[in-house]
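Next come the chains, spelled out residue by residue.
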Amino acid sequence: MNWLDYRLHDFLLFAPDAYWRLFEQANQGVWPLPLAFPLLLAICLVAYWRFKRTVPYLAVGTLGMAWAWCGGFFVDRWYVQINWLASYAVPAFYLQALLIVGLGIIWGRRQELTVSTWRRLTGLILVLGASFLYPVAAFTRGQGIMGGEFVGTATDPTAVATLGFGLIARGPLAAICLPIPLAVCVISFLTLWAMGSWQATIPLAAIATILISLWPPSKPSIGAWAADR
Amino acid sequence: MNRRAVIQGMAGVAATAMLTASSPAAAAVSAWRRIPSTNVQIPAVGIGSWITFNVGSDPVLLDRSTRVIAAFLEEGGGMIDSSPMYGSSQATIGHALEQLGDAGRVFSADKVWTSAADARGQLEQTGQRWGIGRFDLLQVHNLVDWQANLELLFALKETEQLGHVGITTSHGRRHGDLERIMATQPVDFVQLTYNLADREAEARLLPLAQEKGIAVIVNRPFRRGALIRHLSGKPLPAMAPELKAESWAQISLKFILGHPAVTCVIPATTRVDHVRENKRVVLAPMPDAAMRRDLAAHFADL
Ligand SMILES: NC(=O)c1ccc[n+]([C@@H]2O[C@H](COP(=O)([O-])OP(=O)(O)OC[C@H]3O[C@@H](n4cnc5c(N)ncnc54)[C@H](OP(=O)(O)O)[C@@H]3O)[C@@H](O)[C@H]2O)c1
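Chains A and B, in that order, give the protein sequences. Going by my numbering, the first sequence opens with residue 824, and the numbers climb by one from there. Going by my numbering, the second sequence opens with residue 29, and the numbers climb by one from there.
No wet-lab data here; the hints were simulated from the structure. Don't be surprised by glycine CBs; every beta carbon is placed ideally from N, CA and C. Treat the hints loosely; a few may be bogus.
Unchecked claim - Derived Cβ-Cβ restraints for the label pairs, each shown as a range:
#1 A/834 / B/330: 26 to 36 Å
#2 B/189 / A/1006: 38 to 48 Å
#3 A/1009 / B/322: 46 to 56 Å
Could you build all of it, start to finish, from the sequences and the hints given here?
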């Protein structure tokens, strides 16, 4: 097969209505479970304000479960129905779950959170936006909340929330919150852009936010994270 | 009843019901076209399934697709084209045919889109998804592993497990390779992109198809809808009333079907009104060569 014969639009196998309705069907089947992950993340944020200094186990547990559920439930059971290419992405979701939980348990208690106010604030905005604004975007598509994209069910808010967490954490845990979520955001941007959806701007904005947060090097960069104390 | 017999039988009736052109310039109408290699007649307007029928297990969208296919069959049926590349589209077609119980009006066309080593397994899965045992046409999709895949399809045709063999391309890709295949392989069908905006096929491929007696399926007649969006609101050409064309979609299809090498065009749609609009272009005259030149010039001036 000569892949050079294909262009971006050729890989968009589905129409926007088929894509957006997937969330409605996936949510309906397990309602109100999709509300669980955003609520758990909200509890993590409260815990964060209370304890501030260390990575809460609850946060790594929630994000780890979110990636596993998103890959196994949404991507592998629903998304693959209209996009067979998505089946290749499923292992990356499980890998991300393992990395977050594994590193979270190993380093969690010893790992302090970032001291950068900018990163902390940006991270919080990303986590909150992914948890509570993403689902509301369904209304702009004429869908109810049942059509919403929730952290843990939908790929995009799961990736954006993890990027936010990556900004709040630091060291190896922060570093492993970047590559796969960024890759998901890039793929999602390309997909939504090919679909002609305004929502393409959200993963793009998340990518831009991360790049700005890590650059210029005067702000703590990935390399400097381990030493950021 | 045997599907091919139905299609040939219906063709016989239609062929005698040729309408007379309303102007000496416009060509006479036939809703049916002959496949040169086998003399089987098929309706000139078929339907594609890329994106439009890829709806997964969504009951609402499956129902919508079934209604589109029901309208297609009501308007005479004909070629339904799909591919393993098109996600759940094959299963959607299978679902609709099962619901409608009217597969006799369908000229089933699908593709092999994998290396030859996996082709048999893929074809088996394709048949299961459609719910049929024998295809009227199987094509090598986008020339993938074409030597070995064509060999397999010719063998299936030889043993009457397949009606016709074809090969496809689109977007004007690999026309040089396609030309060589058409010149050297005994294919029944070739599928390519041809429309008001993409006319490369006129230079060599369409004349070659006529010369070699290869049926031509035209894909992307509306450039996946972009052509219609581009033309929307623009004045229809002056000859539209003569061709009884009421929309740019109908003008575009008539431009394609007016080419003497074209056997069949396969617009895809999610809408019942569009499938009817597309099927009905054959109920009125087609443009002749001079009118098609004028249409192309009018399009270029827009
Ligand atoms: N290499 C290959 O083998 C290959 C490559 C490309 C395509 N194909 C085949 O060719 C088929 C057709 O090509 P395509 O699907 O890419 O694009 P197309 O048929 O050129 O365009 C489909 C689009 O046109 C719109 N449309 C249909 N009828 C209309 C009408 N009467 N008025 C206004 N808009 C109308 C549809 O929108 P609505 O849903 O709103 O009607 C749909 O979005 C494919 O489905 C596939 O089966 C094969």
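Consistency of the hints with the structure:
Between residue 834 of chain A and residue 330 of chain B the beta carbon distance is about 30 Å. The supplied range of 26 to 36 Å therefore holds. A hinted range of 38 to 48 Å for the beta carbons of residue 189 of chain B and residue 1006 of chain A is consistent with their spacing of about 44 Å. A hinted range of 46 to 56 Å for the beta carbons of residue 1009 of chain A and residue 322 of chain B is consistent with their spacing of about 47 Å.
Consistency with the previously given hints is maintained throughout, with no hint failing.
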